[in-house]
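Protein chains in written order, with the working numbering: chain A, 1 to 143; chain B, 144 to 286; chain C, 287 to 429; chain D, 430 to 572.
Errors might be hidden in some of the hints.
[To be verified] What follows is a list of derived Cβ distance ranges for each label pair:
1. D:K553 with A:Q120: 54 to 60 angstroms
2. B:E279 with A:P138: 38 to 44 angstroms
3. C:H304 with B:G250: 34 to 40 angstroms
4. D:G550 with B:K267: 25 to 31 angstroms
5. C:R423 with D:E434: 23 to 29 angstroms
6. D:D551 with C:R423: 28 to 34 angstroms
7. B:G250 with C:G393: 32 to 38 angstroms
8. D:E434 with B:E148: 50 to 56 angstroms
Worth flagging that the hints you see were computed from the coordinates, not collected in a lab.
On a predicted model such as this, the values are computed, not experimentally measured, just so you know.
The beta carbon of each residue, even a glycine, is placed where N, CA and C say it ideally should be.
4 protein chains.
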Amino acid sequence: MRGPEETAQRVKNYLGKHDRLIGLLGAQIEEVKPGYAKVALTVEDKHLNAANVCHGGVLFTLADLAFALASNSHGQTALALEVSFSFLKAAVVGDQIVAQAREVHLGRRTATYLIEITRQGDEKVALMKGTVFRFERPFPPTE
Amino acid sequence: MRGPEETAQRVKNYLGKHDRLIGLLGAQIEEVKPGYAKVALTVEDKHLNAANVCHGGVLFTLADLAFALASNSHGQTALALEVSFSFLKAAVVGDQIVAQAREVHLGRRTATYLIEITRQGDEKVALMKGTVFRFERPFPPTE
Amino acid sequence: MRGPEETAQRVKNYLGKHDRLIGLLGAQIEEVKPGYAKVALTVEDKHLNAANVCHGGVLFTLADLAFALASNSHGQTALALEVSFSFLKAAVVGDQIVAQAREVHLGRRTATYLIEITRQGDEKVALMKGTVFRFERPFPPTE
Amino acid sequence: MRGPEETAQRVKNYLGKHDRLIGLLGAQIEEVKPGYAKVALTVEDKHLNAANVCHGGVLFTLADLAFALASNSHGQTALALEVSFSFLKAAVVGDQIVAQAREVHLGRRTATYLIEITRQGDEKVALMKGTVFRFERPFPPTE
């Protein structure tokens, strides 16, 4: 039988291997624990929008990765229903951005998370709140 | 002096040339009119998450592109403050997905948009609501 | 056996009788159809905040009533999971405000609605997007 | 010249005196500091919806009061642009519910807050995220 930490580690490995946007954007999964995840990215030219700042889609995807890892970390399949995203500061080329997802509420059928994006360790860039639906099937799906 | 349709066309050309995620994801800007934009993408393997469906980050980025085009279409710089995103159905490889942004409210300092994502013409995939801050400087920035 | 219109009518009567805030605020349920509801209120002094405009809590409650009616209109218990609310214009004493909820997506376990608030028939005051969880038990609960 | 704590106290007094929904619902402003506010309410029969649990509109209004107090606490007029609200648990008659608003980001033109609602001291009932527009005029308006 597996403990919660071991399950979270398996979720990290499986998602890290199969999620295609991690490679496309060049993100790094730094840590996954039960109800928690941390994902990092260094902003490069390929991440910019027409205003030459980091694309909203890149910030969102980084937050979404941390959200998916944290919400699936218990070994039960979770799917996003709703997210709301607040843009606080623009990130620029060279910024080390980190998204951390923390569990606010874990219910039987739904769960809610706060995902904070910072740069250079502590300056807030964005804040996301998200809710998932929890299915009864295991995650990773193959086990 | 430029008319509103011509301004929207210049915004389309500028953003289409300078936004890096359009190329990275393979999106197409189909139409930009004052307060409106339409962006399309065909879901490929590179767009998938670990559950083998189209990544939330791809759907969000497509909606965000339409949102950016519609909110900057008046020739005045607009920056996203807040978005909320509802995931309605999963999109899969081969789906032709389209994001259309429509202006709900155009105020002096802020404006609000609804962005609908559909596949194969009419089936709803996602719905986003977003609010921008409107700066007094022109867009594109170089004019 | 009951048709969908008759079920919606029963939901209107039951909620109109048992929801305490309808009386406290002085709201009127104008219409309920399957997946749709319309609720009205005339702004009075008792609805104002410290800035002497209609309280955000009053606008939200009016939208929430339309949302609850529309999402329960099929005769199945629905509970709000998430809402996002955009304030577009301030409403003032004497304004006739109306909230209309329309179904965007009706899934087996969740459903999504847009609720528009207008005043004097057509001027937009606020826009809400909301998602419910659908329980398997009937609504009204006593049937 | 006034210090930040004294300004927050003046905002508390002014809003407490002029906001009509505080009296209508029976809410209590417990504390206001720069960027922070705490508001409480005991759920009574008059606060219930047709499912006999505390109305979403009551929870929202309580959170909105804390949000308004915290965002105006610096003595500068702030108006809500966008909020998103997650319903975590139902509150029932007799519950002592408390909304606490905390500042996440204070910008020159906009600011963002998290508002947490708990009951009986620590059990989470709801979570709201909200963004205001900051006007250049003082609050309270009469000074």
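The hints, checked one at a time:
The supplied range of 54 to 60 angstroms is broken by K553 (chain D) and Q120 (chain A), whose beta-carbon atoms lie about 31 angstroms from each other. With their beta carbons about 54 angstroms apart, E279 (chain B) and P138 (chain A) fall outside the hinted range of 38 to 44 angstroms. For the hinted restraint 34 to 40 angstroms between H304 (chain C) and G250 (chain B), the CB-CB distance of approximately 38 angstroms keeps it satisfied. The hint said 25 to 31 angstroms for the Cβ distance between G550 (chain D) and K267 (chain B), and at roughly 42 angstroms that hint is violated.
A hinted range of 23 to 29 angstroms is violated for the C-beta pair R423 (chain C) and E434 (chain D), which are about 51 angstroms apart. Here the CB-CB span from D551 (chain D) to R423 (chain C) is close to 30 angstroms, well matched to the stated 28 to 34 angstroms. Range check, G250 (chain B) to G393 (chain C): Cβ separation about 34 angstroms, and the 32 to 38 angstroms hint holds. A beta carbon spacing of about 54 angstroms between E434 (chain D) and E148 (chain B) agrees with the range 50 to 56 angstroms that was offered as a hint.
When held up to the earlier numbered hints, the structure conflicts with 1, 2, 4, 5 and fits the remainder.
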